[in-house]
Amino acid sequence: MLAALQFSSIGEFFQMGGYAFNVWTVYVLFLLFFFVNLYFPLIREKQIIRELKRRLIVRNEVPANKHD
Amino acid sequence: MWQWFFKLGSPKWFYELSGKWLPWLVAAMSLLLVIGITWALLFVPPDYQQGNTIRIMYIHVPFASISLAFFPLMAVAGTITLVWRMKLADMVAKTAAPLGAWFTALALISGSIWGSDIWGTWWIWDGRLTSMLLQFFLLVGVISLRSALEDTDAAAKACAVLSIVGCINVFVIKYSVDWWNTLHQPSSPIGMAGDSANGPEIWVPLVIMIVAVYLFFAVSLILSTRNEILQRERRSKWVQELLASA
Amino acid sequence: MLTANALCCERDDRILFRHLSFELGEGEVLQVQGSNGSGKTTLLRILCGLNEGYQGAIRWYGEAIADQVENFFASLLYIGHRVGVNKVLTPLENLRWSCSLQQQVSDGAILAALAEFGLRGFEESQCFTLSAGQQQRVALARLLINPARLWILDEPFTTLDSDGVAQLENLLRQHAQSGGSVLVTTHHKLSLSPLEILSLD
Amino acid sequence: MLTANALCCERDDRILFRHLSFELGEGEVLQVQGSNGSGKTTLLRILCGLNEGYQGAIRWYGEAIADQVENFFASLLYIGHRVGVNKVLTPLENLRWSCSLQQQVSDGAILAALAEFGLRGFEESQCFTLSAGQQQRVALARLLINPARLWILDEPFTTLDSDGVAQLENLLRQHAQSGGSVLVTTHHKLSLSPLEILSLD
Amino acid sequence: MTERRITTAAAFRATLARDLLIAYKRKNDIINPFMFFLIVATLFPIGISPDPQRLGEIAAGVLWISALLAAMLSMDNLYRADYEDGSLEQLLLSPHPLYFMVLAKNISHWLVSGLPVVLASPLIAYMLNLPTDVYFALFMTLLLGTPVLSLLGSIGVALTVGLGSRGLILAVITLPMSVPVLIAGTMAVQQTLNGAPLTAYLAILGAMLLASITLAPLASAAALRISIN
Amino acid sequence: MTERRITTAAAFRATLARDLLIAYKRKNDIINPFMFFLIVATLFPIGISPDPQRLGEIAAGVLWISALLAAMLSMDNLYRADYEDGSLEQLLLSPHPLYFMVLAKNISHWLVSGLPVVLASPLIAYMLNLPTDVYFALFMTLLLGTPVLSLLGSIGVALTVGLGSRGLILAVITLPMSVPVLIAGTMAVQQTLNGAPLTAYLAILGAMLLASITLAPLASAAALRISIN
Ligand code: HEM
Ligand SMILES: Nc1ncnc2c1ncn2[C@@H]1O[C@H](COP(=O)(O)OP(=O)(O)OP(=O)(O)O)[C@@H](O)[C@H]1O
Ligand SMILES: Nc1ncnc2c1ncn2[C@@H]1O[C@H](COP(=O)(O)OP(=O)(O)OP(=O)(O)O)[C@@H](O)[C@H]1O
Ligand SMILES: [Mg+2]
Ligand SMILES: [Mg+2]
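Residue numbers (this note's numbering), protein chains in the order written: chain P, 401 to 468; chain D, 1044 to 1289; chain V, 260 to 460; chain R, 260 to 460; chain L, 25 to 253; chain Y, 25 to 253.
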């Protein structure tokens, strides 16, 4: 397993054979995109629930059960 | 069969089911991603020409290939919206459009970063790149139409029409642009990169990454769709009960 | 001829009406009443098929409208808030087109109708030079020409002067007498004798 | 406060009015009457300075308006056929802007005015979701906020329901009592006691 | 009563005649797309280079792009006025298939705003020093291509006709869709210059035209029904 | 009563804030000019030639022409909605000099539709293979030039706001007026490429900007008064 490792040191790994900038930007962008796309929907969900609850309390309106 | 179909269309049903599935999807996604990325970064041998930039492929190709799925997805959702008036379909279509724009953008960006090494320039007006760019424009068009139309129902139907027309167009554009000018890697029959001589040490991690990114797409689509459901169904009984218990 | 059954419409989380049922027979005039924002315009547009955000059933001579759209449209005349008068064309040209969507008309009939509605002398002026009430009159002149059985009129009295109001009321009465039906919204008090009222408040 | 002297206006070769003179004093309500196309809207726009195709003299407290435009505009409130309500903005945002062209206003005052005009609950809806009458009400809410002395209102009663009509009449009465003046066109019969009428027919 | 009911063909003709009449009365509708085409085409010698040699090389592309922009930007008129004054509602409530009504409006619009551009193209081609061998190719491709642009644009306008803010959204939606037409058109001109036969390209453009005549008005009609809601 | 009267500065701010708010609410007003610019710029490689060498030669002109078209075509929003809903009459009847009100609307419009185009220009410049030496020249000339285009366009819109048929008439009126800006802008870029100093051109564009800030809103104001008549 370790024999298949392509880099012999951490420094070499970060240098990526001279392509550090390109390779790492792509991977960093990917990770950024990845986390942002999971994080924002989760935050948004919390916001929505909070907002809907607030409305529920403030108005205490009678829900019209049109759906379901 | 039809019953199942319409049950599937019920936002409530989807909300509950997706709630059950999400942990599993997230687990599978994380596992595959960790394996895929480690493999891609540490174990894939450098290409004899491209050197270590080959590692960009493990991001670029999954994103590029999934980007092509968005318009068909939105067109199918649009057809369901128009024909069966299924609300869930439109919620999926609505969340898919911005997600698609982001995926496309990432495919474009990763591709052009890759290209800066391989082709010596960040951008060329090649068929595939151009059609990708145009697809990005079309997606932005759908998004801006959605945001311009204030009425949810009208927006749903209008975007459905635009997605269907756009889907036909994406194929026409792809065909015509390829015809116009092609430099980009041709797609190989097995869907794999580069020479067919490439061994499994190249394509296995690629397949893993592709599956992982598809799972990621599914997860984020489900997450945003669930938000959309909560908002649009806020007045229904089950959401109110959900809120009361939450 | 037109029946609505358990109509329900909600916009922006607000229920405009629910369980609304009515029947409009031949020779009847039905005035839809309600305060501002109560959903009169919405109701009329739903009945015409211009708005599909509703639940319930609408029938035309007992059959669902969706199954006989052309038939229904052929006997419908709708005049909404926006009256459908092109500003560049003259009243004559406007009517020539809008009437010819439903039937063949001669210029003579159109000119007569315009004159009847007090637009003699304006037949050849472009409509943007007409006053608000005159434009309304151009649209209303279609009532004299078009043989449609069902009239759906959304606030046709706005901007009309008192002569115009009287004349239009007259017209509604005649149409009902000859077996047609009218669905009209207005905040005016109509002085028609067999007048049914549907209140949305 | 506002005097017109020998006004004459012709449009499209047709003389709308000639030798038209009137005086509008403080505390007076003047209703401009006339059949459709008689030139009411044209007259009001002339008085506001929005239309310059006329002859004759218009004076504001004895001086020609052209010499004191800003002064005149500062005490004028005009609401025309098109009410000046942006469809994208909410009633609150609309009024915040249109009032702030003339004076500083607090949100509280605006909200109170909107509530007074039956728009409680709609303060934050975008105006395109409002019905025709509700949009009219948004515009009319300015009457409650703006301290302008002279109101020029072109058919403010159209699309208002009967409550709205009563409320607006009330408002005109109060404004006149507190020394303001009103110039209004309408085909309604106004039930105000000191009401002067200017007929254009 | 029913005997006086009008045939769809007659309603089609009436709508076509009305739209042509409006265009005739407004004059601007006829002159503007054409003028816009001329002006945009003249911006290029100014903005890029007045050198005839270089102009000649880019002329075909410039002409096609100008025609494309003129076609897209003239679309806004197509349903807007009718929407605002309520005529569109009347059209939707007519007892005839909307397909034909939409087609009538599209045809009238192309006659008024597309055809003049096509007819003027040889003039601009001359001014931009396009090689004379390809005038015919340019003319024919524009003749077949601009109706496609109109039909595609019509879908975009129908989708956006209810919007308060119009402006560029139409262009943003429809310009990417019309790229295939642009490619076919400019390739045809370029390849003819290189000696290739024109017919293949004309066949492609003709196929596009046929497809869009049958399908696009359906999409426009659906879009109108949605927008008016 | 008089003490609560508002200052012109406050009315100016209120108008600016309102217009920005409307743009923010509509989003499209912000995104579309920018997208239009991108899309039009993309048409050129497709329509003319994807060859980087040739693209580089025409890039400056293409960028300027696209920016010009985006600026002109986004203008339509400027007074249209206000005219149709009557807000414009309210603006004309405000007791403040119309000059400032018009200026506020112009500034807001440029911020929303001109600035994004300027900011995006280097990206497109790269894609069109513009020589890197002239990026700065391009950016600066666009930064100074697009406000002039907005101000000039504003006069055109003000003149045509009352017309039923809009669409291209605006472009037909204002494009010829904006040719000097186009010339100054593209010359600046080209001459910088040939080694000439940029400052002279920036001075010219700056002078145009100053002149149009002082004069154009006056013309727009006058035009609005005429249109509303
Ligand atoms: C902005 C630039 C680029 C864009 C927009 C782009 C876009 C695409 C697209 C749309 C695909 C199709 C994916 C699929 O069919 O599943 C793809 C695949 C691929 N791209 Fe790129 N690409 C870009 C640059 C590059 C570069 C510079 C390279 C490296 C030489 C590259 C190598 C590949 C490979 C190897 C594939 C897989 C081919 C296949 O099996 O389908 N791409 N790219
Ligand atoms: N833009 C115009 N160009 C030429 N003539 C016009 C124009 N606008 C109005 N007119 C003429 O002026 C006359 C009066 O119009 P005006 O709008 O003032 O009438 P009005 O009294 O307000 O009528 P209504 O009660 O219908 O509102 C009209 O008959 C019309 O012929
Ligand atoms: N496009 C829309 N989107 C969302 N809600 C709307 C829309 N149009 C109308 N509404 C809502 O529907 C309600 C009814 O509107 P409608 O136009 O039917 O009223 P109306 O009874 O005709 O009133 P009016 O007497 O003022 O004409 C309004 O209060 C408004 O809140
Ligand atoms: Mg109404
Ligand atoms: Mg009037």
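Possibly wrong hints are sitting among the right ones.
[Unchecked claim] BS3-like mimics (lysine-lysine), calculated; alpha carbons at most 27 Å apart, straight line: (1) K446/P <-> K1217/D; (2) K1063/D <-> K1217/D; (3) K1055/D <-> K1217/D; (4) K446/P <-> K1063/D; (5) K346/R <-> K346/V.
I should point out that these hints are in silico values taken from the structure, not numbers from a laboratory.
Exercise. Within 27 Å, alpha carbon to alpha carbon, are K446/P and K1217/D?
Worked result: 40 Å, violated
Exercise. Is it true that the CA of K346/R sits at most 27 Å from the CA of K346/V?
Worked result: 22 Å, holds
Exercise. Hey, K1055/D versus K1217/D, does the alpha-carbon distance stay inside 27 Å?
Worked result: 38 Å, violated
Exercise. Within a Cα-Cα threshold of 27 Å, do K1063/D and K1217/D meet the stated pairing?
Worked result: 38 Å, violated
Problem set entry | Given pair status - K1063/D, K446/P, alpha carbons within 27 Å | Cα-Cα ~18 Å, so holds.
Consistency with the previously given hints fails for numbers 1, 2 and 3, ordered from lowest to highest.
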